[in-house]
Structures are given as structure tokens and as C-alpha cells.
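Chain W: place on chain D using the hints.
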Amino acid sequence: MVNVSTVEIHYNELLARLGYSHNKTRLDIKIISSIRENLSLAQKLIKPKSAIAVENITLHGNLVSFENGYKIKSNNIATLLKNCFKAYGIVVTIGNALEKKRDDCLKKREIFEALILDAAGSVAAEETITLANSQIKAYEEKNDNILTRRYSPGYGDWSLEANKQFLNWIGTTRIGITLNKSYHMKPEKSVSALIGIKKLACNATV
Amino acid sequence: MNKSNFLNMLKNRVLIMSGAMGTELQKKKYLDDVTIPEELNIKFPERVSEIYSSYINAGADIVLTNTFGANSITLQQHKLLDKAEDIIKAGIDLTRKISPHIIVAGDVSSTGEYIEPLGTLSFDDAYKTFALQSSLLQKHGADIIIIETMTEIKETKAAILAAKDNFEGAIIATMTFSADGTAVTGTDLKSFITMAESLGVDAIGLNCSIGSMELAELVKVLCENTNLPVSFKPNAGIPELINHETKFPETKEEFIEASLKAYSYGTNILGGCCGTTPEFIKSLSNELKNKSPKRRKIKNKYFLSTRIKAIDINEIKRPVFIGERINPTNRKKFQEELSKNNLSTIKDEARSQVQSNANLLDVNMGVPGVDEVKLLVNAVNQLQEIVPVPLCIDSSTISALEQGVKNCAGRPIINSVNGEQAKLNAILPIAKRYGTALIALTTDDNGIPKTAQERLNIAKKILNFADHYNFERKNIIFDYLVLSVSSSPEQIQETLKAMKESKKIYPDCKLVLGVSNVSFGLPSRQTINSTFLKMAVDAGLDFAIVNPYAKWDIDDHLAKNLLENKDKGATNYMKAFSSFSKQVLPKTETKKLSLDKQLYFSVLNGNKESVINILDKIIESYDNPFKTVNDNVLKALNIVGERFAAKEYFLPQIIMSAQAAQAAFSTIKTILKREETSSVGKVIMATVKGDMHDIGKNIVGAVLESYGFEVIDMGINVDAQEIIDKANEINPLAIGLSALMTTTMPEMETIVKLRDMNHIPTKVIIGGAAVTEKFAKEIRADAYARDAMGAASYIKTIQKR
Chain D
1 MVNVSTVEIH
11 YNELLARLGY
21 SHNKTRLDIK
31 IISSIRENLS
41 LAQKLIKPKS
51 AIAVENITLH
61 GNLVSFENGY
71 KIKSNNIATL
81 LKNCFKAYGI
91 VVTIGNALEK
101 KRDDCLKKRE
111 IFEALILDAA
121 GSVAAEETIT
131 LANSQIKAYE
141 EKNDNILTRR
151 YSPGYGDWSL
161 EANKQFLNWI
171 GTTRIGITLN
181 KSYHMKPEKS
191 VSALIGIKKL
201 ACNATV
Chain W
1 MNKSNFLNML
11 KNRVLIMSGA
21 MGTELQKKKY
31 LDDVTIPEEL
41 NIKFPERVSE
51 IYSSYINAGA
61 DIVLTNTFGA
71 NSITLQQHKL
81 LDKAEDIIKA
91 GIDLTRKISP
101 HIIVAGDVSS
111 TGEYIEPLGT
121 LSFDDAYKTF
131 ALQSSLLQKH
141 GADIIIIETM
151 TEIKETKAAI
161 LAAKDNFEGA
171 IIATMTFSAD
181 GTAVTGTDLK
191 SFITMAESLG
201 VDAIGLNCSI
211 GSMELAELVK
221 VLCENTNLPV
231 SFKPNAGIPE
241 LINHETKFPE
251 TKEEFIEASL
261 KAYSYGTNIL
271 GGCCGTTPEF
281 IKSLSNELKN
291 KSPKRRKIKN
301 KYFLSTRIKA
311 IDINEIKRPV
321 FIGERINPTN
331 RKKFQEELSK
341 NNLSTIKDEA
351 RSQVQSNANL
361 LDVNMGVPGV
371 DEVKLLVNAV
381 NQLQEIVPVP
391 LCIDSSTISA
401 LEQGVKNCAG
411 RPIINSVNGE
421 QAKLNAILPI
431 AKRYGTALIA
441 LTTDDNGIPK
451 TAQERLNIAK
461 KILNFADHYN
471 FERKNIIFDY
481 LVLSVSSSPE
491 QIQETLKAMK
501 ESKKIYPDCK
511 LVLGVSNVSF
521 GLPSRQTINS
531 TFLKMAVDAG
541 LDFAIVNPYA
551 KWDIDDHLAK
561 NLLENKDKGA
571 TNYMKAFSSF
581 SKQVLPKTET
591 KKLSLDKQLY
601 FSVLNGNKES
611 VINILDKIIE
621 SYDNPFKTVN
631 DNVLKALNIV
641 GERFAAKEYF
651 LPQIIMSAQA
661 AQAAFSTIKT
671 ILKREETSSV
681 GKVIMATVKG
691 DMHDIGKNIV
701 GAVLESYGFE
711 VIDMGINVDA
721 QEIIDKANEI
731 NPLAIGLSAL
741 MTTTMPEMET
751 IVKLRDMNHI
761 PTKVIIGGAA
771 VTEKFAKEIR
781 ADAYARDAMG
791 AASYIKTIQK
801 R
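Protein chains in written order, with my numbering: chain D, 1 to 206; chain W, 1 to 801.
Just chain D, same shape as in the assembly:
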């Protein structure tokens, strides 16, 4: 269902991430070459992986209970999952090689290179979660189900600390993701998200 092994970092996405304005920003050949060369390096350094969990859920007020016993208490999540009968947890990462290279550039004060690699890593992580999301969407739509939007720990009243239990539920150590003391994911260019699933017919009535 989910295969994120091939993710391309698109040049235009990278420019947008860096603040490029299509109508206003003027680029010369030197900067285009430099950006493209670092983009090419970034592409060599990413190894996208994913892990998912999926469970049936029930809602009672702001408490979401998963069939396997995992629970989330959050108004925002309860709202997100309203009318949903199951939910996916997804976590993706692009690995740590790009971050290592970026940090090495920072150490050598190669800020330009570090900036492009960092932005390319963010684009790659975003592309990866988007790809995983679209694959789940395609799978669920075959069964007349629809997806909610993605929601990640650290937003609204779903605290970043909740990431610990959330990742435990998904099981992320096999793809090399851990949490630091501040509950940030390592590798840094990783994204975790919750997606609710509801029946198409159910949505039509909402």
C-alpha cells in the first residue's frame, strides 16, 4: 500500500521553500548552477522510508480510543476524527545522511550549501509524507472511504510530548527514528501524522 522508496526533490519546490518569488526573484546562471548542484547532492543523500499503523477507533468526547488500546486525548484530534471509524498513523523519514552533510557544511561555515541541503531535506520529507498520504488515499478510495487531512503532534492541543506514544504505536525504531529529550524526531527530516478514515457516504451527510 505504501512505498516511498523513490522520492524526487523538485527544483521548483526547492526554490519555493527558499522564498523564491516566481514573478520577482531574478536568478543568474551562477546561483542556478549552485542550487542545482546542491540539489543533486541532496538527492543522493536521501533514503526515504515509512512506517504506518492502522486501527479501528471510537470517540467519546475528546478521547479517541484505538482498538489496540492506544488513546489520544485532544479536542483537536477528536474534531479531526469526527465520523471516522479508523485512523492511520504515518511516519516517514529521509534518513540521516543529508543532515550529517548539512551539519558538516555548517561546521565548515559553508552556509549556502547548508541552507540548500536543509531546504532540500525539508522538501524531500514533505514529498515523502505527501506520497505516503496519496497512496493511502488511493487504497482507501477503492473501498469508498475518504481521508481527513493530516495532523501532527505539536499542533493545537496535541502536544509534542504525545509524539512518544504516537511513535510507539506506529513502531518507528525499525526505520531508525527516535525521539530526543525534547520529543523532536531524529533524523530531523522526519514527519509523523495522523489521518482519519471515514465512509464516503458518511461525509456526504456531514
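Everything labelled a hint here was simulated from the structure, so no lab data went into it.
Check the hints yourself; a few may be wrong.
Here are the simulated lysine-lysine pairs, DSS-like style, with alpha carbons at most 27 angstroms apart [said to hold, decoys possible]:
1) W:247 <-> D:137
2) D:186 <-> W:79
3) D:107 <-> W:128
4) W:726 <-> D:107
5) W:3 <-> W:128
6) W:682 <-> D:164
7) W:406 <-> D:107
8) D:108 <-> W:299
9) D:108 <-> W:3
10) W:333 <-> D:30
11) W:27 <-> W:43
12) W:753 <-> D:107
13) D:108 <-> W:406
14) W:3 <-> D:47
15) W:247 <-> D:142
16) D:24 <-> W:647
17) W:247 <-> W:27
18) D:47 <-> W:406
19) W:551 <-> D:30
20) W:500 <-> W:474
21) W:669 <-> D:108
22) D:47 <-> W:220
23) D:107 <-> W:340
24) W:29 <-> D:24
25) W:247 <-> D:71
26) D:30 <-> W:647
27) D:181 <-> W:43
28) D:164 <-> W:43
29) W:340 <-> D:108
30) W:247 <-> D:108
31) W:726 <-> D:181
32) D:186 <-> W:299
33) W:726 <-> D:86
34) D:30 <-> W:374
35) D:47 <-> W:247
36) D:47 <-> W:682
37) W:753 <-> D:181
38) W:29 <-> D:186
39) W:503 <-> W:299
Coordinates of chain W only, in the frame set by chain D:
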């Protein structure tokens, strides 16, 4: 089993390899009480034996040892380095106990670290880790080594070299690829074939990757492009990690269907990778064990390669162009740049030559007084990441040649050896070891011989030596050397004669010439160069070392007459071309500008390299160079700021300009006495406690430095009290705080409060993805900066007060 027995066996029958180890151990939950699978060899050997037995019973001829990650880097990370020998010995012994006659394949895989320039691991350190693993596999009796699941070509190269140096049995090198036939680091199938073949492996193959059916299509490409035995060891599809379980989508039947396809293409060794089970291997064995391998028809290929691409020289129309422009000889400015380790010109030359259809690039870094080894390695590392053409590593320094080719991510040419015995002794082993092609000049201790026959005699000597070293003749590229037609007109025919004869008597060897020597001292040089090139191609020339920007379709009858020695004293040629003057290129606008304007535009355009060159001249020419630099850099930065505000510039351009400005200030401060320069003040920069994000803070720091501020970067995850203590100590103009997460933003308030409690007058300016102006006001920070330019603007206002 010795190597020749194994290779003979491969000629006669297909061999079956074991299937997955890691996923079998994982499925049985055998990995729950060890740090890495290899630890099982010494902690729970019965679990490993169980997997080995299952594959032997399934019919495997070859069993891979549980030593996939038993390299010193991985073992060190898991505090098991002191157990390396025990782990490897047990990994082998356990197979022998089950079946004394099984072929034991020492399994070697990636360290998990990338080699420079992709990562920070040096090639030599990678080599050392594989050398230890290979020597232990040798010591404890593995029959063959399989290098597998490699994703990066330089690591594969290090592993192959280490295995060849430390292991006597056959070596099989395999890599993993995406469905489009490229490894994640960009290497394509033919580049892998080129590298592995040239380093002298005994078999090559593909493993893991993308699922058996798609991998079978890739193995077909392998079978079509190599004469070596081929191995095929696919996974059972790309795994999905769902609800803590790793699921492989492929069935045994699909795996067998793909394996039969791979067999039909001429594969010699078949097995399974992640997700395959003893049942898969049993079916595979039932289908293919002991069958004769299919014969393959291989074309005559002559590959040179880069990290991402291999080119078959036999497929390229003659002549194959080797761009000569990356060479600092007689180029003063270029030499100055290289002496400052500035590689911008070579990068520009590389890109331009490739755009001008150079098939390969010659790289010469011979600058007097410069560490050529370091410079050449750096150039090789950088060039091969930006242009997709193979390199011709050019040096008269043996150590530079060796380090250059060692660090090459593809198969290069060495330029060059000649008939001098000392050079042959030193360079031929390097070419042999690293599998390069080799340009051989037909000169010796006595210089360039006058006659064709004498040059052919030197060629013969070189070939005899190459034969003695078992260096394949096809990898020798002879240069029969062309002299200037103006000084030695009779010599041109000798060169062409030697080339024609060489093609007859040494048909395996290719030919090269540095073409432009021929026209030295004459007008309209390109007329002669181009005409001569055509004559040389007719004489069998394969490679031409040339300036690819020049016009190469000139075929002039006067030049031809001159080259054929029919125009004595070059009378007719000179009559026609003596008035020809070298075309003078119009100088660029920048060059017409005064030095201060050049500096201004260099900062504005973010050209750090040219700033450094201009600075030297400003210091020589101006009465108050610091003021000149200060005024022009700041003026440029103001325009940069305005363009950023108008979105004409975006962040990368800000950084490029900031780095150019910073280079200007740091250069002038280094060159002038410090008292002649004025400090504009100190700024503390820190990412707050709990937050690990570094990049935003560094960007702001770089921009502040570009304005001449002294930035004290306290790093990431910095404790509030440490920041306050530092501020107390150095009394900075400002403290710049960065936080990316909402969860770490409250730490900013803590710092502001601590500052107030300690009555420190320093301003606090905050920024970061989730930080807002409103938040800054709420926590009583002095300012909020939306971006680096905003931070610089605010701190400049404090400075003026």
C-alpha cells in the same frame, strides 16, 4: 574451496545461494535481545544455526554468513568492536558444523556512513574497516566474499579493494538499485559494472532493491554488459512496516518466475534477499540447481565512468575529446586561485567544457608551491559531483596520481606514464590496482625519439612491462607525441606513421595526442590544429586532448601541405596567415570598473571568490583600504537588503552576498593590522535550550558577520543562564535567540527575565519559524526579526545609538 575451483564450478552450473537472514531472525523475534543481528553469532549461536540449516536443507550451495554488519564502524557503534573476531569466526564455524562442504560466503555490507564528498568518512577509513573484516573472513576460512546491499560506489570500491588485498577467495560485488536502474546515490548500472570489473572482482550482481520482477529486468542489463558471472539476489518486494510488522508483498511464485527470467538472461548465481524464506530457496533449488548457465553474447565494450554514468568509448565517434582547460600551466590568475584553494574556475571550466561537448576532462592541479595531492583530491571530489563525464587524472607527482584515482567515484584515465623505467615501476601498479586506463607517452630517459620506429620501440617496452604486470593491453592508450610543425616539420609524418603502425601491431591499444603542440609558434593556430586532428584521426587517433571551445571543423589545404612537409619554410602558409592576429575577446564590463566598484558588484552578486582576488589589489592601491572595503561592502549589502525586501533576491542570494561580504571583512582584517580596522560590536547568537535547530541561527550569524559584527555563536540547546553569563562577560550589542518549536519558545521569555533580573543592558532579539512579533512583545523581548536581514537592520540601529 579455492578461487579457481569456485570459478570453474560457476562455468558449469548455476549455484543457489541462501535467502534472507535478517528478516528471518526478525520474524522469529530472535533479535529482541541483541543490539545487532551479528551479536547472535556469539550470544545465541543456535538461532543462527537454525537459519543456516533451513537454507542448507532447502538446497543452497552457498550460505552467507551472519556477518553483514560485522565491520569495525558498525561494531564500534554498538560497543562490539572487541568481539569482531569472535563474531566473524562464529559466523563461519556455525556453517561448517552443519555442512562441512557447503560454500561459505563471508557477507560484507555497508558501514552506514558515506565516504567524502557525500559524507565525512575518508576513503582510507572505509578501506580499513573492510580490510579488517576481509582479513578475519580469510583467517577463519570463508570460501568467497559477497559484498552486498551497497548503495554508494566509492564505498563499494573501498570494500572491493580491501577484499582483494586481504582475501584469497573469489569476490562477488553486488549493489542495490531503484527500478530506473540507479542506486540512491545516483550510480547507474553501467557505472557499477565498469567500476567492479576494472577493480577485478570475480562476479558482479544485484541484491535486495525493488522486488524480484523489476530486478530481473535490471539483471538483464548486467548480463548484456559484462563477461563476468552474474548473481541475482532480489528481495520479496519493497517491505511495508504496518502495525509493527514488516510485510513483503511478493509471493514465492512471483519470485521463482523472476528468477527463471534472470536465469534465462545468463545469471549464474541465484538466491534471495530480505523477505525471502527457506521455502523460496527450496523452490528455486528445485527449478535451477545444477542447471548449466545460459551463454551470453557480449559486445566489445570499453567503459570509462563517473559516479552516475559510464560511457562506452567504442560507441563514440572519433576523436573522443578530452577537455584540456583544467590546467593551471601558464595561467597566472588560475594558479593564484588554486593556491588559495579556490576551485571556482575549475568548476566553471568543467561545466563549460562539458557544454562544449568534451567527452572527458583532463584535470591537472600542478601549481608550484601548493600541496598538489590535497588540491587534486579536492578537485576530483568536487568535479565528479557536478559534471557527468569521466576524468583524466593528470600529474607528474606519483602520490597525487594515486590519491586522485583512489578518490575517483568512477573509472578514470591516468595521464601519464612513459618509457622511463622508474615511472613504469611507480605508475603501472597504480593503474592496475585502481583499474584505470593509462596514457603512455612514447618517450624515455633520452627524451622524444625522432623516428616512428624508435617511438614504437618504447611502446613495445611499455607493453612488455604491462604484460609482465598482467595489465590488460586494451587499457594502454599510446601517445606518439606531436611536435611543432614550425620547428620539426618532418616529425609530423613520423608521428602519424607511428600511429598507423601501432594500430596494426597493437590493435588492442588506443591512441591519444595532445593536439595543440603542433601549431606552436605559427599564426592561426586553430587552422593547423584542426587540420592536423583530421589527419591524426585518419591515422587511427582515438582520443584528442584539446580545447573543446575551439573550432574543430577546419580542414585547410595550406595547413595540410605544411603538415605533410610540402611547404618548406612554411612560406605559403605564412603568406596566407601571417596577418592573422589572435582574436582578442572583449573585456567584460566588470574588468573596466574601478576596484572599489568591482568589490561592490562582487558582493552584490555574491561572488566570494572574486572578492578575495580584488581585496589584494585594493590593499595595494588605496590609501585607506579598510574604508574603501567598508563603504563598498555596506553599500552593496544595503542594495541586497532592498532587493530582498522587494523579493528580487531570495535567501540563497542573501547568503551568497553575506559570504562575499564576510570574506571581504575577514580578508582585510587578516591582512591589515587589527588596529587599523574598527570593530562594529559583538552579538551573541544561540538556539534556546531544548531546541536543536541550527540552520536559521547560522544564517542570521552569517548575515551579521557580513555587516562586520563579531558573532559569538553559542550553538544549539543553550541553557539560559549560560547565555546571560556570556552577556555579562562580553557586554554584546545584542543577544539573538532562535527557536523553531512552539514548545521551546517559552525559553526565550526565561532569558529575557534573567537578563532583566541581572540588570544587563543588552538588547534581546528573537526569531524562528513559530515566533511572532506579538510573542516578542508579550515576553518583553526588544525586537522580533522575521528574517536575517531584519535582524541585521535592527542591530545596526542599536549600533548607531
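Consistency of the hints with the structure:
As the CA atoms of residue 247 of chain W and residue 137 of chain D are separated by approximately 19 angstroms, the hinted pair is consistent with the 27 angstroms bound. Between the alpha carbons of residue 186 of chain D and residue 79 of chain W the distance comes to roughly 21 angstroms, so the proposed pair stays at or under 27 angstroms and holds. For the hint pairing residue 107 of chain D with residue 128 of chain W, the CA-to-CA distance comes to about 25 angstroms; that is within 27 angstroms, so the pair holds. At roughly 22 angstroms between alpha-carbon atoms, residue 726 of chain W and residue 107 of chain D fall within 27 angstroms of each other, so this suggested pair holds.
Taken as a hint, the residue 3 of chain W and residue 128 of chain W pair is honoured in the structure, with Cα atoms around 23 angstroms apart against an allowance of 27 angstroms. Annotation: proposed proximity of residue 682 of chain W to residue 164 of chain D is violated, straight-line Cα distance about 40 angstroms (limit 27 angstroms). The straight-line distance between the Cα atoms of residue 406 of chain W and residue 107 of chain D is roughly 26 angstroms, inside the 27 angstroms bound, and the hint therefore holds. Between the alpha carbons of residue 108 of chain D and residue 299 of chain W the distance comes to roughly 47 angstroms, so the proposed pair goes past 27 angstroms and is violated.
Only pairs whose Cα atoms come within 27 angstroms are accepted, and residue 108 of chain D paired with residue 3 of chain W is rejected, the gap being roughly 46 angstroms. Note on residue 333 of chain W and residue 30 of chain D: the hinted pairing holds, with a Cα-Cα distance of about 20 angstroms set against a maximum of 27 angstroms. Taking the CA atoms of residue 27 of chain W and residue 43 of chain W, the gap is about 18 angstroms. The hint holds against a cut of 27 angstroms. Using a Cα cut-off of 27 angstroms, the hinted pair residue 753 of chain W and residue 107 of chain D is violated, with the two alpha carbons roughly 31 angstroms apart.
The suggested pairing of residue 108 of chain D with residue 406 of chain W holds, with an alpha-carbon distance near 24 angstroms, which does not exceed 27 angstroms. For the hint linking residue 3 of chain W to residue 47 of chain D, the alpha-carbon distance of about 36 angstroms lies beyond 27 angstroms, and the restraint is violated. Proximity of residue 247 of chain W to residue 142 of chain D is assessed by CA-CA distance (about 21 angstroms); at most 27 angstroms being required, the pair is judged to hold. The hinted pair formed by residue 24 of chain D and residue 647 of chain W meets the criterion: a straight-line CA distance of about 6 angstroms does not exceed 27 angstroms.
Straight-line distance between C-alpha atoms of residue 247 of chain W and residue 27 of chain W comes to about 10 angstroms, which keeps the hinted pair within the 27 angstroms bound. Using a Cα cut-off of 27 angstroms, the hinted pair residue 47 of chain D and residue 406 of chain W holds, with the two alpha carbons roughly 26 angstroms apart. A hinted pair counts as satisfied when its Cα atoms are at most 27 angstroms apart, and residue 551 of chain W with residue 30 of chain D qualifies at roughly 26 angstroms. In summary, the hint linking residue 500 of chain W to residue 474 of chain W is supported, as the alpha carbons are separated by about 17 angstroms, within the 27 angstroms threshold.
A distance of roughly 20 angstroms separates the Cα atoms of residue 669 of chain W and residue 108 of chain D; the hinted pair therefore holds under the 27 angstroms criterion. The suggested pairing of residue 47 of chain D with residue 220 of chain W holds, with an alpha-carbon distance near 25 angstroms, which does not exceed 27 angstroms. With a CA separation close to 20 angstroms, the supplied pair residue 107 of chain D and residue 340 of chain W stays within the 27 angstroms bound. A distance of roughly 58 angstroms separates the Cα atoms of residue 29 of chain W and residue 24 of chain D; the hinted pair therefore is violated under the 27 angstroms criterion.
At most 27 angstroms may separate the alpha-carbon atoms for a hinted pair to count; residue 247 of chain W and residue 71 of chain D meet this at roughly 25 angstroms. Only pairs whose Cα atoms come within 27 angstroms are accepted, and residue 30 of chain D paired with residue 647 of chain W is accepted, the gap being roughly 18 angstroms. With a C-alpha separation of about 31 angstroms, the suggested pair residue 181 of chain D and residue 43 of chain W falls outside the 27 angstroms cut-off, and the hint is violated. Taken as a hint, the residue 164 of chain D and residue 43 of chain W pair is broken in the structure, with Cα atoms around 31 angstroms apart against an allowance of 27 angstroms.
Proposed proximity of residue 340 of chain W and residue 108 of chain D is supported: the alpha carbons are some 16 angstroms apart, at most 27 angstroms. Using a Cα cut-off of 27 angstroms, the hinted pair residue 247 of chain W and residue 108 of chain D is violated, with the two alpha carbons roughly 42 angstroms apart. A C-alpha spacing of about 25 angstroms is found between residue 726 of chain W and residue 181 of chain D, which places the hinted pair at or below 27 angstroms, so the restraint holds. With a CA separation close to 48 angstroms, the supplied pair residue 186 of chain D and residue 299 of chain W exceeds the 27 angstroms bound.
A distance of roughly 52 angstroms separates the Cα atoms of residue 726 of chain W and residue 86 of chain D; the hinted pair therefore is violated under the 27 angstroms criterion. Simply put, residue 30 of chain D and residue 374 of chain W have alpha-carbon atoms about 25 angstroms apart, close enough for the 27 angstroms limit, and the pair holds. For a cut-off of 27 angstroms, the pair hint linking residue 47 of chain D to residue 247 of chain W stands: about 19 angstroms separates their Cα positions. Of the pairs offered as hints, the one joining residue 47 of chain D and residue 682 of chain W is violated, with about 41 angstroms between alpha carbons and a cut-off of 27 angstroms exceeded.
Under the criterion of a C-alpha separation no larger than 27 angstroms, the hint pairing residue 753 of chain W with residue 181 of chain D is consistent with the structure, at around 24 angstroms. At most 27 angstroms may separate the alpha-carbon atoms for a hinted pair to count; residue 29 of chain W and residue 186 of chain D meet this at roughly 25 angstroms. A distance of roughly 20 angstroms separates the Cα atoms of residue 503 of chain W and residue 299 of chain W; the hinted pair therefore holds under the 27 angstroms criterion.
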